[in-house]
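Respectively, the protein sequence lines represent chains A and B. For the first sequence, the working numbering assigns the number 1 to the initial residue and increments by one for each residue that follows. For the second sequence, the working numbering assigns the number 1 to the initial residue and increments by one for each residue that follows.
Hint data in this document are derived by calculation from the structure and do not stem from the laboratory. We treat Cβ as the ideally placed atom computed from N, Cα and C, and that holds for glycine. Warning: the hint list may mix true and false statements.
[Claimed, not checked] Here are the simulated BS3-like pairs of lysine-lysine, each with C-alpha atoms no more than 27 Å apart in a straight line: (1) Lys-73/A to Lys-22/A; (2) Lys-57/A to Lys-73/A; (3) Lys-102/A to Lys-57/B; (4) Lys-17/B to Lys-57/B; (5) Lys-102/A to Lys-9/A; (6) Lys-11/B to Lys-102/A.
[Unchecked claim] Now the in silico label distances, taken between C-beta atoms and shown as ranges: (7) Glu-68/B to His-50/A: 32 to 42 Å; (8) Gly-16/B to Ile-51/A: 17 to 27 Å; (9) Lys-9/A to Gln-80/B: 44 to 54 Å; (10) Arg-64/B to Lys-15/A: 31 to 41 Å; (11) Val-12/B to Glu-8/A: 43 to 53 Å; (12) Pro-18/A to Lys-15/B: 46 to 56 Å; (13) Ser-58/B to Ser-52/A: 38 to 48 Å; (14) Ser-40/A to Arg-22/B: 18 to 28 Å; (15) Glu-14/B to Ala-17/A: 29 to 39 Å.
Letter by letter, the chains look like this.
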Amino acid sequence: AQRVTQPEKLLSVFKGAPVELKCNYSYSGSPELFWYVQYSRQRLQLLLRHISRESIKGFTADLNKGETSFHLKKPFAQEEDSAMYYCALSGRQAGTALIFGKGTTLSVSS
Amino acid sequence: GAGVSQSPSNKVTEKGKDVELRCDPISGHTALYWYRQSLGQGLEFLIYFQGNSAPDKSGLPSDRFSAERTGGSVSTLTIQRTQQEDSAVYLCASSLAPSGRTGELFFGEGSRLTVL
Chain A
1 AQRVTQPEKL LSVFKGAPVE LKCNYSYSGS PELFWYVQYS RQRLQLLLRH ISRESIKGFT
61 ADLNKGETSF HLKKPFAQEE DSAMYYCALS GRQAGTALIF GKGTTLSVSS
Chain B
1 GAGVSQSPSN KVTEKGKDVE LRCDPISGHT ALYWYRQSLG QGLEFLIYFQ GNSAPDKSGL
61 PSDRFSAERT GGSVSTLTIQ RTQQEDSAVY LCASSLAPSG RTGELFFGEG SRLTVL
């Protein structure tokens, strides 16, 4: 069965500090991993996906198959990064539902 | 349309009543998802429609929950005999879902259900 674990409900950091939002997954096959973000009073939206190996808004995430992790990182947090972050997993074959973790609230204060 | 549209945005009902929540996906999107968002539970998967394939209902919490997708477009999530624990925000999302890949999900604003 596929499962996504985000161990932290809340992460509070100061502006300019590094951020790491943890995500671990369980999946028997080859997964696709994603990070979604929900800013206050906005819709949930895609932040980045591992297959693109991209940096969005200064955030990066590397898939570590050995540790079954997909942690989200940013070297210098900004106040506008405050939001709820969800890690999500899907199997690579078509027809596989996207499963989300329980989410981590990131709070960045000045 | 501009995006995924959900109605009603807010619904207050009495315990034991049935409710219907509607989702109008982005035109042309073949995949449609329903999720439930509640405090402490995060984003729970409920049901997934992909084209003409049989839906993945594995996330439905009980037989009081059901969903339909008519004509590959609009979807309705029905909750029968509502209970207080059904109170949550119900989110719908749609995706272009290219073959062999999970496409980007586009979410609606959600339907907030309160069961008194």
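Can you confirm whether the C-alpha distance between Lys-11/B and Lys-102/A stays at or below 27 Å? The hint holds at about 24 Å.
Quick one: are Ser-58/B and Ser-52/A within 38 to 48 Å, going by C-beta? At 28 Å between Cβs, range violated.
Hey, Lys-102/A versus Lys-57/B, does the alpha-carbon distance stay inside 27 Å? Distance of about 20 Å is within 27 Å: holds.
Could you check the hint for me, namely that Val-12/B and Glu-8/A are 43 to 53 Å apart, CB to CB? violated, 33 Å
Take a look at whether the Cβ-Cβ distance between Glu-68/B and His-50/A falls inside 32 to 42 Å. Holds, at about 33 Å.
Within 46 to 56 Å: is that where the Cβ-Cβ distance between Pro-18/A and Lys-15/B falls? holds, 47 Å
The hint says 29 to 39 Å between Glu-14/B and Ala-17/A; measuring C-beta to C-beta, is that right? violated, 48 Å
Verify the proposed pairing of Lys-17/B with Lys-57/B, using a straight-line Cα cut of 27 Å. Cα-Cα ~22 Å, so holds.
Quick check on a hinted range of 18 to 28 Å for Ser-40/A and Arg-22/B, using CB atoms only. Given range 18 to 28 Å: holds, Cβ gap about 25 Å.
Pair hint outcome, Lys-73/A versus Lys-22/A [Cα-Cα no greater than 27 Å]: Between Lys-73/A and Lys-22/A the Cα gap is close to 9 Å, so the pair holds against 27 Å.
Tell me if the beta carbons of Gly-16/B and Ile-51/A are separated by a distance inside 17 to 27 Å. 46 Å Cβ-Cβ, so the 17 to 27 Å window is violated.
Check the following: the C-beta atoms of Arg-64/B and Lys-15/A are separated by a distance inside 31 to 41 Å. With a Cβ separation near 46 Å, Arg-64/B and Lys-15/A fall outside 31 to 41 Å, so the hint is violated.
In the structure shown, a violation is registered for the earlier hints numbered 8, 9, 10, 11, 13 and 15, in ascending order.
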